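Just so you know, the sequences run in chain order S and E. Here the first sequence is numbered in our numbering, starting from 1361 and rising by one per residue. Here the second sequence is numbered in our numbering, starting from 113 and rising by one per residue.
Hints may be right or wrong, so weigh each one.
As the list claims (entries may be wrong) - Calculated cross-link-like contacts (lysine to aspartate or glutamate; reagent style EDC-like; alpha-carbon spacing at most 20 angstroms): (1) S/Lys1455 with S/Glu1370; (2) S/Lys1455 with E/Asp117; (3) E/Lys398 with E/Asp379; (4) S/Lys1395 with E/Glu222; (5) S/Lys1433 with S/Glu1473; (6) S/Lys1455 with E/Glu123; (7) S/Lys1447 with E/Asp117; (8) S/Lys1455 with S/Glu1465; (9) S/Lys1447 with E/Asp327; (10) S/Lys1455 with S/Asp1403; (11) S/Lys1395 with S/Glu1449; (12) S/Lys1447 with E/Glu123; (13) E/Lys398 with E/Glu342; (14) S/Lys1447 with E/Glu328; (15) S/Lys1455 with E/Asp169; (16) S/Lys1433 with S/Asp1478; (17) S/Lys1447 with E/Glu259; (18) S/Lys1395 with E/Glu342; (19) S/Lys1433 with S/Glu1370; (20) S/Lys1395 with E/Asp225; (21) S/Lys1395 with E/Glu347.
Think of the hints as simulated: they come from the structure by calculation, not from any bench. Just so you know, these numbers come straight off a predicted model, no measurement behind them.
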Amino acid sequence: MRFMMFMYPEISEAEWNPSAEAVAEMSRYNEELRKAGMLLALDGLHPPAEGASVSFDADGVKAVVDGPFAEAKEVVGGYWLIQARSKDEAVEWAKRCPGRECRIEVRRVFEMEDFPEDVQAAAAEI
Amino acid sequence: MAGADARAAVETVWRIESARLIAALARLVRDVGLAEDLAQDALLAALESWPRTGVPDNPGAWLMATAKNRAIDLARRSQTYERKREEVAHELGVLMAMDGVDLAAAADDEIGDDLLALMFTCCHPSLSTEARVALTLRLLGGLTTAEIARAFFVGEPTVAQRLTRAKRTLREARADFEVPAGPALRARLPDVLEIVYLVFNEGYAASSGERWVRDELCQEALRLGRILAELAPAEPEAHGLIALLEIQASRLPARLGPDGEPVLLLDQRRTLWDPLLISRGLAALKRAEELPAPLGPYGLQAAIAACHARAPETEDTDWVRIAALYAALGALSPSPIVELNRAVAVGMAFGPETGLALLERIASDPTLRDYHLLPSVRADLLARLGRSAEAVAEFHRAASLTENESERRLLLRRATEATDR
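Only chain S is shown next, with the shape it has when bound in the complex (with noise of 0.2 angstroms):
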């Protein structure tokens, strides 16, 4: 199964330069994941100041307002996607990460047998 963890930031935008010494631990962190064989991609993103945000009401109009988001509790500072043999050992590999003043959340990602058999037929006609 696969695992996207996604480190959010507890800190503000402005702040979001990590030292060095941070960064170094951090690719040490990394590549212990690539060692095991379990990372399958990771990206760390730019704040959302230089972002955007499309929503979309019920009717489906959108509205796009560029960043920061005033509104926003939390944004998401990069992922990990990971494949691990249960929800527990991306857990583990979460609690190993050098994190400071952040949270990672673990979340599995759906795969096809997961959906009730008509959405994967509705898949398959594409």
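Using the hints, position chain E against chain S.
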């Protein structure tokens, strides 16, 4: 911490740490069987104490320290009691001399070397293929005896016996626990790669078995293949194998139809292929191609798989390149199966007539005599030439040779289609 939670925590940590633990211990005691026993002792100790104390901050280091203490205890006891294994005293003497060394703090390089040495030992030439597979899954994959038994449709006692015998064989062969150096590494690497490939194929074979066990085997092979490519980065075949596995795995969601019947590569819905695994496979192939040594058999097979992966639709396939790659593969490791595949590619690239001519050259090969794909490929080429009657006969012949029921149905359907032309 509740008992069940602690147990789950121990099992999770075990899955992550067991291979490294066994590898590091094996380096010290020079016996994978003994190393596994020591690691298991540490696991039991964790099951006893973690429910009371909670999971330690560095569970891997805890397990390693505990295993080391057990080893020292064992060495002391073995001096007073009857010896079970003649080498134990010497080996554990080494271990005791290492007492002051913090094993858990071993450098990354060392851990990597230990793991690689464990891989080579599990695939040692003194062992049968079955034993290599079982030992690899057990010691490197952390699979239980029961899980291995389920994956290979054999009884648990059979697997247990296979493992015990394999560990004894290694002991008797005095298998060196080390990474072969220089040319020896390149000579023995194919043994390791073969086992990883075999595990993958066991999982990939769509014909039978519990679904999740099969997936588990594919994932385990991918994990081992990725680790291997990290540990032996200068070896093109390590990258070649993982490239091949990633690309083949990308097709997993597309290779079965709605009723569980196999769907041939060229008929698969390519939108179902996993783009992440394809890009990982292509990246691994690039790493193999950038090394000074030429592509080996796995690299070439990966390059062929990449041709399919790169084509947005079946008709975009670069058959000329595939035909050339099969020719290179046939030159490197000649086999009638490779020639058969080359005939298919040549038939697609240069027309059915050319493909058929190539096929005739291998038609009398004894290894292909009862192989259903030979008449099936010939039937396909004949049908494209409009030689319907011959095509129908060949499709029927192919159908009579296959043991797979859904494949048989597919071949008979194609026979009917050829008749209607």
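Consistency of the hints with the structure:
The straight-line distance between the Cα atoms of S/Lys1455 and S/Glu1370 is roughly 16 angstroms, inside the 20 angstroms bound, and the hint therefore holds. In summary, the hint linking S/Lys1455 to E/Asp117 is supported, as the alpha carbons are separated by about 16 angstroms, within the 20 angstroms threshold. Restraint check for E/Lys398 and E/Asp379: not satisfied, since their Cα atoms lie roughly 27 angstroms apart, outside the 20 angstroms limit. Between S/Lys1395 and E/Glu222 the CA atoms are separated by roughly 13 angstroms; this keeps the pair inside 20 angstroms, and the hint holds.
At roughly 33 angstroms between alpha-carbon atoms, S/Lys1433 and S/Glu1473 are farther apart than 20 angstroms, so this suggested pair is violated. For the hint linking S/Lys1455 to E/Glu123, the alpha-carbon distance of about 16 angstroms falls within 20 angstroms, and the restraint holds. Distance check on the hinted pair: S/Lys1447 and E/Asp117 sit about 13 angstroms apart at the alpha-carbon level, within 20 angstroms; holds. Restraint check for S/Lys1455 and S/Glu1465: satisfied, since their Cα atoms lie roughly 11 angstroms apart, inside the 20 angstroms limit.
A hinted pair counts as satisfied when its Cα atoms are at most 20 angstroms apart, and S/Lys1447 with E/Asp327 qualifies at roughly 16 angstroms. Between S/Lys1455 and S/Asp1403 the alpha-carbon distance is near 18 angstroms, which keeps this suggested pair within the 20 angstroms criterion. Our distance criterion of 20 angstroms between C-alpha atoms is met by S/Lys1395 and S/Glu1449, whose separation comes to about 16 angstroms. A C-alpha spacing of about 12 angstroms is found between S/Lys1447 and E/Glu123, which places the hinted pair at or below 20 angstroms, so the restraint holds.
For the proposed pair E/Lys398 and E/Glu342, the alpha carbon gap of about 15 angstroms is at most 20 angstroms, so the pair holds. A threshold of 20 angstroms between alpha carbons decides the hint, and for S/Lys1447 with E/Glu328 the separation of about 15 angstroms falls inside it, so the pair holds. A distance of roughly 10 angstroms separates the Cα atoms of S/Lys1455 and E/Asp169; the hinted pair therefore holds under the 20 angstroms criterion. Distance restraint check for S/Lys1433 and S/Asp1478: the Cα-Cα separation of roughly 36 angstroms exceeds the 20 angstroms cut-off, and the hinted pair is therefore not satisfied.
For the hint pairing S/Lys1447 with E/Glu259, the CA-to-CA distance comes to about 19 angstroms; that is within 20 angstroms, so the pair holds. About 6 angstroms separates the Cα atoms of S/Lys1395 and E/Glu342, which keeps this hinted pair within 20 angstroms; it holds. About 10 angstroms separates the Cα atoms of S/Lys1433 and S/Glu1370, which keeps this hinted pair within 20 angstroms; it holds. As the CA atoms of S/Lys1395 and E/Asp225 are separated by approximately 12 angstroms, the hinted pair is consistent with the 20 angstroms bound.
Pair hint S/Lys1395 plus E/Glu347 holds up; C-alpha atoms about 16 angstroms apart against a cutoff of 20 angstroms.
Of the numbered hints stated above, those contradicted by the structure are hints 3, 5 and 16, listed in ascending order.
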